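Line order of the protein sequences matches chains E and X.
First residue of the first sequence? That's 1 in the working numbering, and the numbers climb one at a time after it.
First residue of the second sequence? That's 1 in the working numbering, and the numbers climb one at a time after it.
Rather than coming from a laboratory, the hints here were simulated on the basis of the structure.
Here the structure is a predicted model, which is why all the values come from computation and not from measurement.
Some hints here could point you the wrong way.
[To be verified] With a cut-off of at most 27 Å between alpha-carbon atoms, the simulated DSS-like pairs for lysine-lysine come out as follows:
hint: 1; chain 1: E; residue 1: K60; chain 2: E; residue 2: K100
hint: 2; chain 1: E; residue 1: K68; chain 2: X; residue 2: K64
hint: 3; chain 1: X; residue 1: K41; chain 2: X; residue 2: K20
hint: 4; chain 1: E; residue 1: K100; chain 2: X; residue 2: K41
hint: 5; chain 1: E; residue 1: K60; chain 2: X; residue 2: K14
hint: 6; chain 1: X; residue 1: K64; chain 2: X; residue 2: K14
hint: 7; chain 1: X; residue 1: K66; chain 2: X; residue 2: K14
hint: 8; chain 1: X; residue 1: K55; chain 2: X; residue 2: K41
hint: 9; chain 1: X; residue 1: K41; chain 2: X; residue 2: K64
hint: 10; chain 1: X; residue 1: K20; chain 2: X; residue 2: K64
hint: 11; chain 1: E; residue 1: K100; chain 2: E; residue 2: K56
hint: 12; chain 1: X; residue 1: K20; chain 2: X; residue 2: K55
hint: 13; chain 1: X; residue 1: K66; chain 2: X; residue 2: K41
hint: 14; chain 1: X; residue 1: K14; chain 2: E; residue 2: K100
hint: 15; chain 1: E; residue 1: K56; chain 2: E; residue 2: K68
hint: 16; chain 1: E; residue 1: K60; chain 2: X; residue 2: K41
hint: 17; chain 1: X; residue 1: K55; chain 2: E; residue 2: K100
hint: 18; chain 1: E; residue 1: K100; chain 2: E; residue 2: K52
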Amino acid sequence: GDSVTQMEGPVTLSEEAFLTINCTYTATGYPSLFWYVQYPGEGLQLLLKATKADDKGSNKGFEATYRKETTSFHLEKGSVQVSDSAVYFCALSPGSNDYKLSFGAGTTVTVRA
Amino acid sequence: GAVVSQHPSRVICKSGTSVKIECRSLDFQATTMFWYRQFPKQSLMLMATSNEGSKATYEQGVEKDKFLINHASLTLSTLTVTSAHPEDSSFYICSARESVGYGYTFGSGTRLTVV
Numbered sequence: 001g002d003s004v005t006q007m008e009g010p011v012t013l014s015e016e017a018f019l020t021i022n023c024t025y026t027a028t029g030y031p032s033l034f035w036y037v038q039y040p041g042e043g044l045q046l047l048l049k050a051t052k053a054d055d056k057g058s059n060k061g062f063e064a065t066y067r068k069e070t071t072s073f074h075l076e077k078g079s080v081q082v083s084d085s086a087v088y089f090c091a092l093s094p095g096s097n098d099y100k101l102s103f104g105a106g107t108t109v110t111v112r113a
Numbered sequence: 001g002a003v004v005s006q007h008p009s010r011v012i013c014k015s016g017t018s019v020k021i022e023c024r025s026l027d028f029q030a031t032t033m034f035w036y037r038q039f040p041k042q043s044l045m046l047m048a049t050s051n052e053g054s055k056a057t058y059e060q061g062v063e064k065d066k067f068l069i070n071h072a073s074l075t076l077s078t079l080t081v082t083s084a085h086p087e088d089s090s091f092y093i094c095s096a097r098e099s100v101g102y103g104y105t106f107g108s109g110t111r112l113t114v115v
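Just chain E, with the same shape it has in the complex (with noise of 0.2 Å):
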């Protein structure tokens, strides 16, 4: 079936470094991929999307493509801040009539002032 994995954590990080995780996909058909956010104590929210080969979902300075190829939608930022420290969700969505989406086990960020 469909899965995502992700690159597992924790990921620490000073403030205006680089940020990249990692995100493969498995799946049938063409899905559609996303980054979702989890700040502490609080629900998930959607960071951004891509539904389409070669698709750049970008938010808040976050981007992440959509790479068939290599099956992949790893999340990049240029320059963290303490604010994005969070837990980050890869998640696939088959894209079909079956809405359900696949998460994958996440990725938990720290950034150091």
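Position chain X against the provided structure of chain E, taking the given hints into account.
Quick look at chain X alone, frame taken from chain E:
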């Protein structure tokens, strides 16, 4: 933007009692809602998919008689944890999919502690 309100945010209950968690879509219609469970420092585990007006579809290994899901309208789904035990303590999150357009909106979660 789309908002999903989940209540309560925290609840403590005694073993053997039941707890109801509500999930409401405030400004859109959600024909499908999802209920997840999240253990500490782990990912979300889908428990069930709830379609308005029909019975919920449970994932393998989830007890449907223990986790009762009702989706009576396009804006409200409820999860009732019946005869709760300490092992049911967890973070429960709902999500709603917009029936028009594309997107999943998550509630803020409910921290359930069974003592």
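To see whether the hints hold, each was checked on the structure:
1. K60/E - K100/E: Distance ~26 Å between K60/E and K100/E Cα, so the pair holds.
2. K68/E - K64/X: violated (37 Å)
3. K41/X - K20/X: holds (24 Å)
4. K100/E - K41/X: holds (21 Å)
5. K60/E - K14/X: With Cα atoms ~42 Å apart, K60/E and K14/X exceed 27 Å; violated.
6. K64/X - K14/X: holds (21 Å)
7. K66/X - K14/X: Cα-Cα ~15 Å, so holds.
8. K55/X - K41/X: violated (31 Å)
9. K41/X - K64/X: holds (25 Å)
10. K20/X - K64/X: Status holds; Cα separation ~14 Å.
11. K100/E - K56/E: holds (22 Å)
12. K20/X - K55/X: holds (17 Å)
13. K66/X - K41/X: holds (24 Å)
14. K14/X - K100/E: violated (32 Å)
15. K56/E - K68/E: holds (12 Å)
16. K60/E - K41/X: holds (24 Å)
17. K55/X - K100/E: Cα-Cα ~16 Å, so holds.
18. K100/E - K52/E: holds (17 Å)
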